[in-house]
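4 protein chains.
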Amino acid sequence: MNHEERNRLLTGMVTCRRDIHAHPEPGWMEYRTASLVAARLSALGYEVATGEQAIRSEARMGVPDAATLRFHEEKALREGVDPFWLERMKGGHTAVVGVLRGLKPGPVIALRFDMDCVEIGESDAPDHLPCQLGFSSNRSGLMHACGHDGHVAIGLGVAEMIAGRRSELAGEVRLLFQPAEEGCRGAKAMVEVGWLDGADYFLCGHIGLKSRILGEIVASVDGFLSTTKIDAMFRGKEAHAGNSPELGSNALLAACTAALHLHGISRHSEGATRVNVGMLEGGSGRNVIPGEARMKLELRGETEALNEYMARETSRILASAASMYGVSCEWETVGRGISAEGDRSLIPMIEQECAGMDTVVSFVPSIPFGASEDATFMLRKVQEQGGRGVYMLFGSPLAAGHHQSSFDFDERVLGIAAELIVRLVFACRNGAAVSDPAMHTNSKE
Amino acid sequence: MNHEERNRLLTGMVTCRRDIHAHPEPGWMEYRTASLVAARLSALGYEVATGEQAIRSEARMGVPDAATLRFHEEKALREGVDPFWLERMKGGHTAVVGVLRGLKPGPVIALRFDMDCVEIGESDAPDHLPCQLGFSSNRSGLMHACGHDGHVAIGLGVAEMIAGRRSELAGEVRLLFQPAEEGCRGAKAMVEVGWLDGADYFLCGHIGLKSRILGEIVASVDGFLSTTKIDAMFRGKEAHAGNSPELGSNALLAACTAALHLHGISRHSEGATRVNVGMLEGGSGRNVIPGEARMKLELRGETEALNEYMARETSRILASAASMYGVSCEWETVGRGISAEGDRSLIPMIEQECAGMDTVVSFVPSIPFGASEDATFMLRKVQEQGGRGVYMLFGSPLAAGHHQSSFDFDERVLGIAAELIVRLVFACRNGAAVSDPAMHTNSKE
Amino acid sequence: MNHEERNRLLTGMVTCRRDIHAHPEPGWMEYRTASLVAARLSALGYEVATGEQAIRSEARMGVPDAATLRFHEEKALREGVDPFWLERMKGGHTAVVGVLRGLKPGPVIALRFDMDCVEIGESDAPDHLPCQLGFSSNRSGLMHACGHDGHVAIGLGVAEMIAGRRSELAGEVRLLFQPAEEGCRGAKAMVEVGWLDGADYFLCGHIGLKSRILGEIVASVDGFLSTTKIDAMFRGKEAHAGNSPELGSNALLAACTAALHLHGISRHSEGATRVNVGMLEGGSGRNVIPGEARMKLELRGETEALNEYMARETSRILASAASMYGVSCEWETVGRGISAEGDRSLIPMIEQECAGMDTVVSFVPSIPFGASEDATFMLRKVQEQGGRGVYMLFGSPLAAGHHQSSFDFDERVLGIAAELIVRLVFACRNGAAVSDPAMHTNSKE
Amino acid sequence: MNHEERNRLLTGMVTCRRDIHAHPEPGWMEYRTASLVAARLSALGYEVATGEQAIRSEARMGVPDAATLRFHEEKALREGVDPFWLERMKGGHTAVVGVLRGLKPGPVIALRFDMDCVEIGESDAPDHLPCQLGFSSNRSGLMHACGHDGHVAIGLGVAEMIAGRRSELAGEVRLLFQPAEEGCRGAKAMVEVGWLDGADYFLCGHIGLKSRILGEIVASVDGFLSTTKIDAMFRGKEAHAGNSPELGSNALLAACTAALHLHGISRHSEGATRVNVGMLEGGSGRNVIPGEARMKLELRGETEALNEYMARETSRILASAASMYGVSCEWETVGRGISAEGDRSLIPMIEQECAGMDTVVSFVPSIPFGASEDATFMLRKVQEQGGRGVYMLFGSPLAAGHHQSSFDFDERVLGIAAELIVRLVFACRNGAAVSDPAMHTNSKE
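Going down the list, the sequences are from chains A, B, C and D.
Position 50 of the first sequence, counting from 1, maps to 50 under this note's numbering, and the rest follow consecutively.
Position 360 of the second sequence, counting from 1, maps to 360 under this note's numbering, and the rest follow consecutively.
Position 384 of the third sequence, counting from 1, maps to 384 under this note's numbering, and the rest follow consecutively.
Position 107 of the fourth sequence, counting from 1, maps to 107 under this note's numbering, and the rest follow consecutively.
These are computed hints drawn from the structure, not numbers from a lab.
All figures in this text were calculated on a predicted structure; none of them were measured in a lab.
Just so you know, even glycine gets a beta-carbon here, dropped at the ideal spot from N, CA and C.
Be aware that a few hints might be false.
To be verified - Just some of the chain C residues that point at chain D, by a computed CB distance under 7 Å: (1) ARG88; (2) LEU225; (3) LEU280; (4) GLY370.
Full structure from sequences and hints, please.
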């Protein structure tokens, strides 16, 4: 790719990223973003699957209620989103898959890009670049503060570049644009439709995180924690706190009790675990025994078994805290990520491709993560059927950390990431990745 | 008062009540209501005090922040509120006092009516009368669910009737229209300006509560609990709950701890106490160690000393819960009510006036209350200087309990209450109230 | 009674009290004391019932295990207790009843004296009178620190005086020497045998408490709190706290949780309640997840219903705290007292008899109590069948409060109390008590 | 060593072990055991240091109060312990060091054997071997349930064997008989006197633990957790729980609060941590607000920094829990162990010596531990000055786990352990240990 072509592509990706940044959409309601992606992939010649073809409805987690979905669907319509795509996605089926088949046989390569924003208001500080340049969020309380706007732009850039080299393509490329990564809600439901079936390679990555230098590439992030996200609702009975406190059943104190005891779950000798009650709210009026309380929490474990241990303890604690105050507690799993490790055998191939890019200034073979991602469902699925995959980091300085209101990245990372992914797609095609054939006997090459 | 006159007055009060019901305003932001009251009193010939003449600025509790006040001031302007009055009330000084002096010397009689709404959304059920008749709240999340709309209507009805009998008036009548009764925030600040100074009688009342029969009058509510309302804010440090939980300082767990231990404050052998954490919320994201949590709570005691005991314990618990988690906690008193008892020596006079009203079908001398009201500051002030007072109930069936979204009362209670108050005002004038002169040597009569 | 006679009796009571003081016996193990009482009553001509004739075995609460009972039985034997009585009392049946019937018909009068000591070590301070005079407890960890040694002495003094006036006696006198008053464990089981059946009067009293002046008599203590005493045992699973903490089920944390939440049971609008976890212990070694924890607690309520409310809440909390930590919890009621009020109609009779005693210097008709006693089962039983009763206080200065290691009283109170009781017995006989015949139509007089 | 000699030595060790087993002594009160050791070492020709020559008085942790020490000293006297040694050890200075110097220069080798028993009652089950053979504990509540009786026997066996080969000895052997290993209380204070100064090798081991096969040797236990043992005392104010609960300051609830929150200390991203409140007790009587509560707890961390983190959190929590209830809390460190790793470079030497012993049937180079030991202070001290050391396991089947009342081991392990240690002592002397000279440049060889 020559300099000029690179510039043109980068310009396109930047424009795309800024448009998406200005219109952040939370998980399962990425109607505008997904429609835009679907239309673009279609225009580039990809076979496009969306709606329930792209995601299994019942396997989705943490889907908002119908009214909220409808509100965002109507908003999308008002904003001019193409009803053709919108109709297919209604009800929170905002996944999009684009498939491009090469002329020759070759490996199946799955790429994943996430699309949802974060529920946080964007900074309006004058020195916040999106404000300066006029592309900051136009939706109060919503912001692309985790870089998924960039991921979508990278995905579409990659789509364009691969389409441009279709004649060289062997095998099949699947671009998975996933909704609801925040809270680990969407990946599993795409896996369950079968979009990773038969995939030989899985490539995925994230802007920033622990890689804060422009031009740095981390080939493989390891040590994803298995995680379960839970929403719990305590329901008791209100009563006047002065006249007749004994008639109430205090849902708020039940929730507080649960929170404290959850953080007291015993450490486990077999490895690291985590628990966090990230949000809790309850009560209606100062002089009313609280009749309701809600809690958002997450559990993690270094292994599936450890996460399971945390989940078992949590169930018992939620139920017991409720019964302590004579209230009910209902909870549901609204997100899941599993533990996973990237395939180290892919690192040499990535290093080699990086070596060919003058924009890459630093290469890190692998780093531990200590957090969770639901791309692990895809990675694990591919590995289980004999394929290989990695979760990369695309380095960029950040104006502020992820999920903060002044978050921003250096847009030049978009070009670097897209180019690297395209190189890897074609490197996989050429068999360069198969450094140890014994590890990958399933390959169609 | 003849039947026709009664009907005319009642019609006026009903119209007034419905107008106010449709425009509910929360405490310290009753700009529209108070302007309407001030204009009306003025038109009826009352000397009108408002703004800082009616309420001591620094003695107000639980005043919203400047931006919220401004928002409601602008809204009032847009709704056509007279800038003359609005200007005087700006910054949350929404008290109004109307004074009418008789031609002859006589007692000083203070009457109190509260004006604020409740922060609750009104029912939109078709069988909810305000919906049927088209006067339900036009402001989402706000509703006159405690009958203060009726109190204002009664107050203006009383104002009109007394003005109509000015020639008979001896002494002085002071109509106190109080902001911010909800949360016990406004009365003390009106007392501190001096509006109860020299008052010989204090009359006050409430629609409904424990009196649910139309035509029932409770002459004196007793056993008001002393109360303190507190807002507490815990501030810690956020951290990623997966990567580095140990870097956080968990403000939410501190708040939960405080809530549990507040409810565990030891019972007191000298009488009843109460504590309620009515609202608690904290945390930002599921995967973030919560950096902030807020709590609204209230304390009560049968006596001032018991309420003080609860307050001392609360201070220690809030501070200790914060230090337990290495976070800070700031709290402030946002409301206060004191314990008080009505003057039983006034009951015979009230019974006598009720006997003269064919609309009164049931008379109850006194009942215990078990809740709190800040009218007690006014009642206590009058008693301290040798005067007497009562807090009455004006019976009415209710569509739903107070502070519930389907709350509604029988509007005929407005006429009954207004007539009774006017009768009492003139009865006091005639000295009928002074059943035991030894108890009231300070009287100016 | 002349001065000399009084002196002789007092000397006897003092000797008796000191002997018992030196040999304190805890509840259900008063083998020596009860044998001594039984022998004495028998010698004075009373019909004596003891063992299961005096107390219903299954109705006893908080009885120690068989080994402990046996240990005390053997100790009693070694100390020379008459095997005749001991044999009858074995297994913790240490109640004694002495009955004396008059020659003429008349009322049935029940008197109650409690016999057990407190589980507290006695002070060995040189200025502690029992040390000075050489009659301090010879049993480590046990002490008559609540004056029951005095009560037994009074009871035997009364027995002697009545026996001496047998010819004057009409009706029947029943002297109930009750075991296990501490913890409210013994009275109910004596009632269940029927010893209060048909009783017209019930007289009972306590040295000291709120009456600290020698010569003061309080005629009626009121406001006994209903109470339930509970022992709870949590059983979990031990595990090495370093190697495998997750394998344990933490019984100690369950108990701590229960303790905190018990103290947080909501206040009740209908009256005073109390809860106290008076003792808690758990765990085996520092590095072992605690597998067991024990808790002693008590509940109280101004009424039976309030005490029931506390008991219901307690059951739920104990069960929930256990399930919170995956441990079991078993609990049993080891003591019960009920609420009761003395009969005010007896006060004039008591006042009159006091007036006749130059040793009585102060008379208090009644005072509220705010604590619990199981004599209330007897009082209530008598009242239910139309009889009347009181719980008196016999004033005395105290060297230290009840249940403290330096507790001691002025022994002159023994003579005053005994004389008053005897006077009342004969006053009842003479019908003097029946001040209001309408209140007592059941009387056999 | 021939078979006969082996048998003779084993018989002696068994006799010694059984004698010590029958007379268990808790930490700092091993007067009988230590006297016996001192006498024996002296008889074998060792220079013996004891009392404050062997242990630094102020550096000892968790020393019982003077009365308890005196009680055990008197008991030892009564049991015939030689007053010569006892006098030197009084006040809890029960460490003994025996030094034997070779005729030629050579390395300094320190060996450590611990002597204290566990505070647990020994099983009296007929199938418990010490009962069958008549050497079970003659002290109620005390038992050698961790094998230290065996360690002492091994130590004396080693002492005898080395003394028997004195002519071959080069350098210096120091036998450290340590008191108070349970609770990690004694090692540091021996280090501080200087007994590890200049040591080139440190050899130590334990019977059983994770090695349950007779004839198995684990050359190096790794991953000792750093630990801090803390005793905390809460002091509040008692009050009658019925009459005046508000006058109390509840020390028990403060302790319960501390326990719950200690278990809720946030997990740390840098490694494993542990916390356990192993014992808690508080309160005096059921109807008394508890005025005192005691707590024994321990903290652990994979590294010193992690243990420090736990200690910081603990300090804050203890102080905050106390202030929550208006009580005081004092706490002290009563034990400390540090993290440490054995020197892997010694493993080949150990393997080689094991290979020469037909009694060794299984060799394990190293295993992780996950618990704590204060021998780590000695190991670390030696390593800091350039020396090397290991903590071995001497395999044995166990009748029940360590610290259980039926604990017992196969006495044949005594012979195997002693022989291995002696072989290692002479192997070190011969320089066999220095497999990698670069790692041990400080060596005096």
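Hint by hint, here is what the structure shows:
| no. | hint | verdict |
| --- | --- | --- |
| 1 | ARG88 | 30 Å, violated |
| 2 | LEU225 | 6 Å, holds |
| 3 | LEU280 | 6 Å, holds |
| 4 | GLY370 | 5 Å, holds |
Going through the hint list in order, the structure does not satisfy hint 1, though it satisfies all others.
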